[in-house]
Amino acid sequence: MRSLAKWGVAACAVVAAGVFAGAAQAADTIKIGTFLSVTGPASFLGEPEKKTLEMYVERLNKDGGVKGRKVELVHYDDGGAPDKAATFAKRLIQNDNVDIIIGGTTTGTSMAAIKVVEPAGVPFISLAGGIDIVDPVKKWVFKTPHTDRMAAEKVFLDMKKRGLTKIAMISEDAGFGKSGHDQSLKVAGIYGIQIVADEVYSPKDPDVTAQLTKIKNAAGVQAVFNFGFGQGPAIVTKNYKQLGMSLPFYQSHGVASKDFIKLAGEASEGIRLPAAGLVVADQLAATDPQKPVVTAFKKEYEAAFKSDVSTFAGHAYDGLQIALAAILRAGSTDKEKVRSEIEKTSGYVGTGGLVSMSPEDHMGLSLSAFRMVEVRKGDWVLVD
Amino acid sequence: MWKTARIGGLGALALILVLAPLGFPNAYFYDIAVKALFNAVVCIGLNLLIGYGGQISLGHAGFFALGAYGSAILTVTYKLPALPAMLLSALGVGVLAYLIGRPILRLKGHYLAMATLGIGIIIHIVLKTESGLTGGPDGMGVDPFSVMGFTMMGDRMWYWAAAALLVLAVWLSLNLIDSPVGRALRAVHGSEVGAEVVGVDTSSYKVMVFVVSAVFASLIGSLFAHKDGFITPDIGSFFRSVEFVVMVVLGGMASTFGSVVGAIILTLLPQVLTVVEDYEAMVFGGIMMGTMIFLPKGLLPSLVAGLRKRGGAAQ
Chain V
1 MRSLAKWGVA ACAVVAAGVF AGAAQAADTI KIGTFLSVTG PASFLGEPEK
51 KTLEMYVERL NKDGGVKGRK VELVHYDDGG APDKAATFAK RLIQNDNVDI
101 IIGGTTTGTS MAAIKVVEPA GVPFISLAGG IDIVDPVKKW VFKTPHTDRM
151 AAEKVFLDMK KRGLTKIAMI SEDAGFGKSG HDQSLKVAGI YGIQIVADEV
201 YSPKDPDVTA QLTKIKNAAG VQAVFNFGFG QGPAIVTKNY KQLGMSLPFY
251 QSHGVASKDF IKLAGEASEG IRLPAAGLVV ADQLAATDPQ KPVVTAFKKE
301 YEAAFKSDVS TFAGHAYDGL QIALAAILRA GSTDKEKVRS EIEKTSGYVG
351 TGGLVSMSPE DHMGLSLSAF RMVEVRKGDW VLVD
Chain S
1 MWKTARIGGL GALALILVLA PLGFPNAYFY DIAVKALFNA VVCIGLNLLI
51 GYGGQISLGH AGFFALGAYG SAILTVTYKL PALPAMLLSA LGVGVLAYLI
101 GRPILRLKGH YLAMATLGIG IIIHIVLKTE SGLTGGPDGM GVDPFSVMGF
151 TMMGDRMWYW AAAALLVLAV WLSLNLIDSP VGRALRAVHG SEVGAEVVGV
201 DTSSYKVMVF VVSAVFASLI GSLFAHKDGF ITPDIGSFFR SVEFVVMVVL
251 GGMASTFGSV VGAIILTLLP QVLTVVEDYE AMVFGGIMMG TMIFLPKGLL
301 PSLVAGLRKR GGAAQ
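So the protein lines, in turn, are chains V and S. For reference, each letter of the first sequence is one residue, going 1 to 384 in my numbering. For reference, each letter of the second sequence is one residue, going 1 to 315 in my numbering.
If you are wondering where the hints come from, they were derived from the structure by calculation, not from laboratory data. Just to be clear, a hint being listed does not mean it is correct.
Stated by the list, open to error - Pairwise CB distance ranges (calculated):
no.	chain 1	residue 1	chain 2	residue 2	range
1	V	Asp259	S	Phe239	20 to 28 Å
2	V	Glu360	S	Asn175	52 to 60 Å
3	S	Pro25	V	Asp334	17 to 25 Å
4	S	Pro25	V	Lys344	33 to 41 Å
Beta carbons: idealized from backbone N, C-alpha and C, even for Gly.
Put together the whole structure using the sequences plus the hints.
Right, here's the structure in full:
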């Protein structure tokens with residue numbers, strides 16, 4: 001028992017030594033801090049993000065780093081908990097003295113970290129979708145993924161083109177779907193879209209035929225738009241087919257992964273949704289400026305990890321590239337210089353689309369970043 | 001004798017709290033320390049219920065979250081000053097705990113655990129779905145804590161406030177345990193029937209300690225919301241409730257200082273374990289299992305017993 005205690009003390013000392021050794025690294029390296037939800041409910045987003053960052057930083061160092069300076073990645077897993085994210089953001093800034101932070105898998109963790117990042121004055125590139133992150137614009141905060149508002153706009157634009165003006169919405173009552181639903185209501189008027197039926201369901205509902213029947217019986221509905229994430233939209237899609245509904249059916253970018261088609265099966269035929277260019281990399285026109293970027297990223301990711309590339313991995317890739325380019329242009333890791341260089345990012349072609357930021361726009365993506373795709377024979381087909 | 005031990009313990013705690021910042025190189029350390037102290041106060045309250053009252057609650061994160069959201073909503077939406085908002089939330093939580101406590105504290109063992117678990121989960125769900133009020137799963141921002149023009153800013157100031165609060169909570173808890181109420185509670189823990197036979201109104205004592213521990217959690221929840229500046233419903237998740245119980249059990253049930261030790265260790269551990277990165281959960285689990293197997297009474301009581309034994313052998 002006594003020797004056991006001794007070993008315990010020794011182990012603690014070793015761990016503590018590790019912590020302090022981490023703090024006292026050479027100042028010559030560029031330190032990129034990241035906190036991601038690698039475990040917990042958002043792990044399917046955080047895991048590919050982390051793998052991507054690690055892979056590209058390692059590759060960069062093999063090629064000699066940035067102007068001879070090595071890049072060091074400091075990573076913490078927040079498990080999807082916002083208060084942990086805030087603590088880790090503080091740790092990255094105060095204890096690890098990072099030059100820039102790329103991370104924040106979910107809107108919640110990003111928003112919590114912003115409270116720490118803004119007063120400290122460290123450039124922060126978030127990888128989460130929520131529009132609140134950059135609206136209103138915050139001096140030190142940027143983000144790479146598309147917002148739910150853009151997804152709604154893209155869908156409404158497509159509806160308008162097809163002459164569909166009266167639509168029904170069915171959305172998740174929490175998180176992603178809820179936020180998307182609210183943004184949809186905000187922008188519908190701009191595109192002359194009238195929402196004549198508005199139904200909700202819970203992410204774990206095993207059946208939504210009741211809500212769909214209401215939509216089916218609502219007068220004048222010309223199209224249906226489902227905003228949701230995970231397995232919910234697959235269930236909506238299956239029920240839609242079971243009820244024999246044949247109106248044009250739209251989904252959000254939340255289902256832009258092959259898993260959705262697998263889950264919904266044949267019922268997904270003919271569904272339209274907005275998706276990043278990465279999803280349909282092979283189908284992009286040869287003249288498309290995004291073509292070389294997304295095909296290269298897809299190939300490298302799939303070769304390295306033997307799994308389908310995800311758009312979330314792409315967000316991390318974009319964040320890293322924007323950060324490195326800004327550091328290169330700034331010629332130093334001075335935080336204010338790097339921040340203003342990120343803000344000047346212009347014409348960067350990433351996996352998410354063409355990024356041109358400005359002091360008023362800290363995301364820099366336009367609607368053209370989204371492609372309208374349709375499910376045909378179990379695969380995505382680019383329609384617009 | 002007991003009295004001197006109590007004052008000695010409090011003095012030692014105060015001394016440690018005063019000296020600890022000498023080893024804090026930057027604000028991040030203060031931040032972690034504040035979180036540890038906050039958790040310690042919640043655990044002191046919970047220890048009264050679990051360690052002394054012999055009851056269990058798997059829903060205390062729910063009360064913590066209610067305090068946090070109460071303060072957040074009252075200050076942000078209804079523009080109330082921070083202090084009244086905090087007290088109002090605590091009052092509301094106290095009333096709620098009383099109303100819930102009366103019926104469910106009649107339950108025993110697993111049934112009580114299930115009932116409190118249910119309450120915690122219901123609170124979590126309500127916070128998540130009432131998005132008009134709470135901002136939904138994405139959470140809401142909270143303004144800094146300010147009283148009469150004085151604003152709590154920075155981790156250092158929070159550290160001293162939290163340290164003072166902890167000393168106060170420990171003092172309250174030690175006094176309560178050593179009062180007639182405390183003796184009655186321990187009697188309930190020992191044997192409920194026996195306590196009733198000697199004339200202890202067991203159910204009202206149980207409800208009282210349940211309310212007290214819920215109010216502790218609510219007050220700290222309010223402070224936490226102001227300090228972090230951003231809260232999401234996940235601060236009231238089931239996992240958090242379990243975390244609180246584990247802190248109490250790890251530190252040592254029926255030991256106020258044990259709860260403090262347990263809370264501090266369990267708050268620091270995840271930060272230290274980031275060194276082993278991918279094996280974090282495994283190492284964490286290993287430490288927990290080891291403690292439960294080798295120190296079944298919890299860290300502090302086992303250590304104290306060990307020291308006594310050794311001291312006895314030496315004589």
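Taking the hints in turn, this is what the structure says about them:
Between Asp259 of chain V and Phe239 of chain S the beta carbons are some 26 Å apart, a value that agrees with the proposed interval 20 to 28 Å. Checked against the given bound of 52 to 60 Å, the beta carbons of Glu360 of chain V and Asn175 of chain S, roughly 59 Å apart, stay inside it. Checked against the hint of 17 to 25 Å, the pair Pro25 of chain S and Asp334 of chain V passes, with Cβ atoms roughly 23 Å apart. Range check, Pro25 of chain S to Lys344 of chain V: Cβ separation about 35 Å, and the 33 to 41 Å hint holds.
The earlier numbered hints are all upheld by this structure, with none contradicted.
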